[in-house]
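S.K.: If you're matching them up, the sequences are chains D and E in order. Under the working numbering, the first residue of the first sequence is numbered 1, with each subsequent residue one higher. Under the working numbering, the first residue of the second sequence is numbered 1, with each subsequent residue one higher.
Just so you know, the hints here were simulated from the structure itself, not pulled from any lab data. Hints may contain errors.
Given that identical chains are not distinguished, each listed pair holds provided it fits within a single copy or across any two copies.
Stated by the list, open to error - Within a straight-line C-alpha distance of at most 30 Å, the following computed DSBU-like cross-link-like pairs (lysine-lysine) qualify:
{"#": "1", "residue 1": "Lys33", "residue 2": "Lys412"}
{"#": "2", "residue 1": "Lys263", "residue 2": "Lys150"}
{"#": "3", "residue 1": "Lys111", "residue 2": "Lys3"}
{"#": "4", "residue 1": "Lys51", "residue 2": "Lys33"}
{"#": "5", "residue 1": "Lys316", "residue 2": "Lys292"}
{"#": "6", "residue 1": "Lys412", "residue 2": "Lys143"}
{"#": "7", "residue 1": "Lys111", "residue 2": "Lys60"}
{"#": "8", "residue 1": "Lys263", "residue 2": "Lys60"}
{"#": "9", "residue 1": "Lys400", "residue 2": "Lys410"}
{"#": "10", "residue 1": "Lys73", "residue 2": "Lys51"}
{"#": "11", "residue 1": "Lys400", "residue 2": "Lys61"}
{"#": "12", "residue 1": "Lys346", "residue 2": "Lys131"}
{"#": "13", "residue 1": "Lys51", "residue 2": "Lys268"}
{"#": "14", "residue 1": "Lys292", "residue 2": "Lys346"}
{"#": "15", "residue 1": "Lys346", "residue 2": "Lys33"}
{"#": "16", "residue 1": "Lys131", "residue 2": "Lys340"}
{"#": "17", "residue 1": "Lys312", "residue 2": "Lys263"}
{"#": "18", "residue 1": "Lys412", "residue 2": "Lys254"}
{"#": "19", "residue 1": "Lys346", "residue 2": "Lys50"}
{"#": "20", "residue 1": "Lys316", "residue 2": "Lys51"}
{"#": "21", "residue 1": "Lys73", "residue 2": "Lys263"}
{"#": "22", "residue 1": "Lys347", "residue 2": "Lys57"}
{"#": "23", "residue 1": "Lys131", "residue 2": "Lys3"}
Protein chains: 2
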Amino acid sequence: MEKTNAVPGDYVELSLVNRDYQGMLLETPESEKGIVLLKLDSGYNIGFVKKEVIEVKVLKKFSEKKEELEIKKDSGKPNVAMIITGGTIAARLNPRKGGVDWLDNPESLFKFYPEIFNLVNVSKVEVPFMKASEDMDFKDWQKIARVAVKLLNDPNVKGIIITHGTDFLHYTSSALSFFLRNLNKPVVLTYSQRSIDRASSDANLNLQCSAIAAISDIAEVMIVGHASENDDFCFAMPGTKVRKLHTSRRDAFKVINGKPFAKVFPDKIINVSEYNRRKKGKVKVDAVFEEKVALVKIYPGQNPEILDYYSKEKYKGIVLEMSGLGHAPGRRARNSWIRKLAEIQKKGMIVCATSQCINGRTEPRIYSNGRELLETGIIYLEDMLSETALVKLGWVLGHKDWAKNRDAVKAKMLENVAGEISERLES
Amino acid sequence: MEKTNAVPGDYVELSLVNRDYQGMLLETPESEKGIVLLKLDSGYNIGFVKKEVIEVKVLKKFSEKKEELEIKKDSGKPNVAMIITGGTIAARLNPRKGGVDWLDNPESLFKFYPEIFNLVNVSKVEVPFMKASEDMDFKDWQKIARVAVKLLNDPNVKGIIITHGTDFLHYTSSALSFFLRNLNKPVVLTYSQRSIDRASSDANLNLQCSAIAAISDIAEVMIVGHASENDDFCFAMPGTKVRKLHTSRRDAFKVINGKPFAKVFPDKIINVSEYNRRKKGKVKVDAVFEEKVALVKIYPGQNPEILDYYSKEKYKGIVLEMSGLGHAPGRRARNSWIRKLAEIQKKGMIVCATSQCINGRTEPRIYSNGRELLETGIIYLEDMLSETALVKLGWVLGHKDWAKNRDAVKAKMLENVAGEISERLES
Numbered sequence: 001m002e003k004t005n006a007v008p009g010d011y012v013e014l015s016l017v018n019r020d021y022q023g024m025l026l027e028t029p030e031s032e033k034g035i036v037l038l039k040l041d042s043g044y045n046i047g048f049v050k051k052e053v054i055e056v057k058v059l060k061k062f063s064e065k066k067e068e069l070e071i072k073k074d075s076g077k078p079n080v081a082m083i084i085t086g087g088t089i090a091a092r093l094n095p096r097k098g099g100v101d102w103l104d105n106p107e108s109l110f111k112f113y114p115e116i117f118n119l120v121n122v123s124k125v126e127v128p129f130m131k132a133s134e135d136m137d138f139k140d141w142q143k144i145a146r147v148a149v150k151l152l153n154d155p156n157v158k159g160i161i162i163t164h165g166t167d168f169l170h171y172t173s174s175a176l177s178f179f180l181r182n183l184n185k186p187v188v189l190t191y192s193q194r195s196i197d198r199a200s201s202d203a204n205l206n207l208q209c210s211a212i213a214a215i216s217d218i219a220e221v222m223i224v225g226h227a228s229e230n231d232d233f234c235f236a237m238p239g240t241k242v243r244k245l246h247t248s249r250r251d252a253f254k255v256i257n258g259k260p261f262a263k264v265f266p267d268k269i270i271n272v273s274e275y276n277r278r279k280k281g282k283v284k285v286d287a288v289f290e291e292k293v294a295l296v297k298i299y300p301g302q303n304p305e306i307l308d309y310y311s312k313e314k315y316k317g318i319v320l321e322m323s324g325l326g327h328a329p330g331r332r333a334r335n336s337w338i339r340k341l342a343e344i345q346k347k348g349m350i351v352c353a354t355s356q357c358i359n360g361r362t363e364p365r366i367y368s369n370g371r372e373l374l375e376t377g378i379i380y381l382e383d384m385l386s387e388t389a390l391v392k393l394g395w396v397l398g399h400k401d402w403a404k405n406r407d408a409v410k411a412k413m414l415e416n417v418a419g420e421i422s423e424r425l426e427s
Numbered sequence: 001m002e003k004t005n006a007v008p009g010d011y012v013e014l015s016l017v018n019r020d021y022q023g024m025l026l027e028t029p030e031s032e033k034g035i036v037l038l039k040l041d042s043g044y045n046i047g048f049v050k051k052e053v054i055e056v057k058v059l060k061k062f063s064e065k066k067e068e069l070e071i072k073k074d075s076g077k078p079n080v081a082m083i084i085t086g087g088t089i090a091a092r093l094n095p096r097k098g099g100v101d102w103l104d105n106p107e108s109l110f111k112f113y114p115e116i117f118n119l120v121n122v123s124k125v126e127v128p129f130m131k132a133s134e135d136m137d138f139k140d141w142q143k144i145a146r147v148a149v150k151l152l153n154d155p156n157v158k159g160i161i162i163t164h165g166t167d168f169l170h171y172t173s174s175a176l177s178f179f180l181r182n183l184n185k186p187v188v189l190t191y192s193q194r195s196i197d198r199a200s201s202d203a204n205l206n207l208q209c210s211a212i213a214a215i216s217d218i219a220e221v222m223i224v225g226h227a228s229e230n231d232d233f234c235f236a237m238p239g240t241k242v243r244k245l246h247t248s249r250r251d252a253f254k255v256i257n258g259k260p261f262a263k264v265f266p267d268k269i270i271n272v273s274e275y276n277r278r279k280k281g282k283v284k285v286d287a288v289f290e291e292k293v294a295l296v297k298i299y300p301g302q303n304p305e306i307l308d309y310y311s312k313e314k315y316k317g318i319v320l321e322m323s324g325l326g327h328a329p330g331r332r333a334r335n336s337w338i339r340k341l342a343e344i345q346k347k348g349m350i351v352c353a354t355s356q357c358i359n360g361r362t363e364p365r366i367y368s369n370g371r372e373l374l375e376t377g378i379i380y381l382e383d384m385l386s387e388t389a390l391v392k393l394g395w396v397l398g399h400k401d402w403a404k405n406r407d408a409v410k411a412k413m414l415e416n417v418a419g420e421i422s423e424r425l426e427s
């Protein structure tokens, strides 16, 4: 490789014998001195042997512009409050690492995408913490709920937007669906799959559509994000019926066993299904949570003794992500789960069942394995998602008065509290 | 309810005040004397209060016809061998229970669907066991492999069809993909989601398309089943890239991170993607398996001490089904997984990572959590499915000579042995 004036962060073109590559030059790690690292537009890092690089052309110098907060106030537009919690949507590429870092100043995400100000007036910004969503737990969901309720009960706020990491966004949307009772206004969670300084970022459309959803009539907790890989419109998806289904695509979130509330464009919203409407009255927070709940995915030949572990560790409830209509290895299996499941439930453990098929409803009455599992006392959660089920179980068991009574827990788990159970279609 | 001559098993019409219902009359359980139970055509059981039923009309009497094996031999057609292992495709409704039971005589499934004999000559039928697939484990996969290899190495057999339960069918298809080395002929796994005595059964199309696939040029382990809810054609899906994604729909199986090999109709096959072709040579069985492997799905706030349990129980390998691109709670989480993961790997545990997003590729280098997890030694399995990964890990660790060397295990896990890893598209 020739001498070059390119520095990490510059957008460059590398010429090799057979092909040219464009991307952001990254710092070469200490351990790989002979390598040139490039971040391609696709987001992937690729390494080249220095000797094989014929030329490095700088296409655009890196500018580490100082990020300054400059929220334009416009009282003529509807007021929307924002809660920034971290995630890729509040991160930018660090050319020294090839990965992304949080924005030093969270509000500077507006610098990248000022279009949101054409739609709404961002009247308040709260930053309870900056985290990747996989680092969050129920205490973070509680913090967000407490910040959210103040904003929702402020008559000058029309709706709220929460920006969030993607990995466990659907857990937070479930938690807020249960925690925020008597919801009066839209609570929109949004994200980006690619950091906001990248040309291919999905943040802009998601933020604009979130603004439209936040001032809409939909008084629900929802995730708003790309409806397809095209950068044209978003879906507003029910907070308890949505799941991250792709590691990298912009339309990573899909509604499962249900329909979006609406199609959302940067300039309009088209309703698709039923929802609760905006109303008067105060939102209440009911954010109790029993930490000792677990999610266990069943696989062939799995040893049921794992249940003893949870029992010994004083877990109060388990969601079993079962096979098909809701099965685990039964009496004819080498490692039957039936006896152990009966045993731990007798000792007081609450066991719920969802399906690892993701789509469709559990139905334990069709096959003998299902019937025998049902007889042990397992609560089959209809078509509830496993992730939603775990959150709901923690929430239900967090209520001391419900938790002391097995029947009350069962009744609550099977009550459709926040859209988490779809109506059974009789056909 | 008036007196009626209807008996359990009869197909009846119940008249209520507002509506009529048709279905199979089921036996009323002892505990629910005042109830009439009906199995609707949709497969769901519905109960009516006897007093509210105005009339019961028998539309078709139940006939418990004696099932006799009558396999029509026709040496003019290509020979296909069948392995019957249980599952719904080898079950029929038991009107006394409202559930299904195995066929007394497994081969009698041909009585229900003789159309397969128009296409092929079923020259051999093997029944190693009759099980629901959720009751199976690696020993059953080994049994099937041993039966299959004999049939595949018989020059008079053109291909084989394995009928199987649906719940864990994709585990068996993965296992056979690794166990059957140097595959020379088609190995078709098929199923039905509804028992074969129901009008809506999907068995007929699946069996016919399986016959077409079994005499095709595709020398791969594949699942053949409905491509959509319509009863018109099937997909032949790669055994390591397929997953049950719906609890009840006929098109429950979907190819993930890949393409079907072919579209299969009852009278033709249309190739869709690359595959290995039929060839000379003997198939070898390499069906070793290390039983001490586990699959663990990560959720927010999860306590990493579960890893100590697996360590104490002398597990040799774990597949972690992680969030997003391949994350678990990191250093900024209340319960970080980093230290514990480093610790158990130092002690010799093999830890692999897949994504619970199901679709897309893992990529640990983009975020700091991913990079720190990668540094602990975790093997990121590209776009491999979690279910396939668990089977492959058991298979790889079953090889004593590979298992004693960490690098050899890693190399094997990242080698594309049976189509389980897609090529990375550089874009």
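S.K.: So which of those numbered hints doesn't the model satisfy?
M.R.: 3, 8, 10, 11, 13, 17, 19, 20, 22, 23
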